[in-house]
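Asker: Chains as they are written, first to last, in the numbering used here: chain A, 1 to 409; chain B, 1 to 149.
Calculated from the structure, these hints are not laboratory results. Don't take each hint at face value.
Said to hold, decoys possible - Straight-line distance between alpha carbons at most 30 Å, and here's what the computed DSS-like set of lysine-lysine pairs gives: (1) Lys371/A / Lys33/B; (2) Lys372/A / Lys26/B; (3) Lys239/A / Lys139/A; (4) Lys125/B / Lys29/B; (5) Lys132/B / Lys404/A.
As the structure is a computational prediction, the values presented were derived from the model and not from experiment.
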Amino acid sequence: MIQSQDIAKDFPILQRKINDNKLIYFDNAATTQKPTHVIESISNFYSNTNSNIHRGVHTLSMESTYEYDQAKDKVAEFINSPNSESIIFTRGTTESINLVAETWGKANLDESSEIVITELEHHSNIVPWQELIKETNSKLKYIPINSDGTLNYENLNQIINSNTKIVSLTHVSNGIGTINNIKKIIKEAQSVGAITLIDAAQSAPHMPIDVQDLGCDFLAFSGHKMLGPTGIGVLYGKKDILEEMPAYQKGGDMILEVTYEKSSWNEVPFKFEAGTPNIAGAIGLKSAIDYLNLISMDSIREHEKELTEHILKEMRNIDGIDILGPESVEDRAGLVSFNIPNVHPHDLGTYLDTKGIAIRTGHHCAMPLIKKLGSHSSARASFYVYNTKNEINEFVTQINNSIKYFDNV
Amino acid sequence: MSNTENLSFVYKKEILDRSSNPGFEKKIKNPDKIIKGLNPFCGDEVKFSILLSDNRVSSINLEVEGCAVHKASSSILCAIIIDESINHIQGICDDFISFFKNENADSKIYQNSKLKLASSLFDIKSNQIRIKCALLSWNTIYNNLFSKN
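Based on the provided sequences and hints, a complete structural model is requested.
Answerer: What follows is the structure in structure tokens.
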């Protein structure tokens, strides 16, 4: 069992008071806070090691290169990638998905091709495909959801068929917390020879991920949602597929040879990392993974299940509350999206802020999903390693207070 | 804001009253203008159906979805622009929007007698994150009512 109170002490920002109250940070699906360990690793890099990588022969460059490469090895180990060459550093999940759509997509899709995503997706796993179908005349199909926000797997073998070239779906819904049965969908995609991309932005930070066990071809996630810095993310890709793909951005570091007439590309993963990468970001991400490993991803998942079970039990006592997403914590990540009668999510968010509680309100970059579930927006509380049941109790108390406040004014 | 008491800075009685009953619900059969606004960051929406006569807003129907501030602000805007000439509305919106966007635009808003009706919204200027809720409808009207279409 995680000792969240002790863990919270490692996060300087969690000692802050917001509007005279101790901060309760429940906006972890948007971004997570950073432990001293991560902050110091970045500061230490800039104070002692900073240099560009892969080119210089001086000590600083060798040290920076070593640390950057170590970060890549660490990420590979974190998701059980068979090798480090399968790990591409990007700016985040959004860039990772765009990279696949722009390179693999444009090279492999035509008017007979179908792309399959789901109705649960974040805008970042909808918009790149919507743009790609315009350029390739391919089709975009959606795996539908049930009213409880779980995927409807009934007609899977019709939606995913011999025309399907890529199935790209989220592991965990950022809007409502649904955990998808991605293994089942990957298997279905494999049966028709389609490749798969898993958006793991909301799962890699919260539960063990094993790309070899999953069998996916691509997997994308972001550093800042797992205690790391912003501006660093990961695209995992099977090496043979990456090798066949055209380059993404072109320029320094991704080339093998350049003449005035033409250029050839470096091997993977360098082919996909043009320009000086986010070295400090990669080092920060490595520290974040070290920190998460100390706690263990299994324990993190168990901790969030406990918190989610607790909050669902407490929140179901609120009159008229509408909790979006699956009922069972087995099918739900540490995230609760909800609406309460007569208090709009923004007004609730402003009220809770005066109590030092940070939540997300709005459509959570999943506009079609929230509309499909009959709302324009929702309030969302999402948890991480430093959150406690006591914080949830305070949160539920303040929701009840907000209902009274807006009723009585 | 430091505590719940200071919430009254944002949630004045008029704002809460108007948000629960924005009014202007009477449908208009053949509106001269249908103007829609959306805040893509939060999903707040508004739709104005407007009947014009002699370059004045003679009738207005409001459909609004969103937070208390957005609903109240939309309702107040309708109350201000009904029976008003389009030219005047442009100036009124300009003064209101400028007040929220510029540090030193306070004097104009207090000089504009039509904007007295909107005074319950003025304190929202101190809550940076909610200014967009107060301004969505005003920007929507300002950017669309005066277009050629």
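Asker: The structure should be examined with respect to each hint, and the outcome stated for every one.
Answerer: Hint by hint, here is what the structure shows:
no., hint, verdict
1, Lys371/A / Lys33/B, "26 Å, holds"
2, Lys372/A / Lys26/B, "28 Å, holds"
3, Lys239/A / Lys139/A, "27 Å, holds"
4, Lys125/B / Lys29/B, "37 Å, violated"
5, Lys132/B / Lys404/A, "26 Å, holds"
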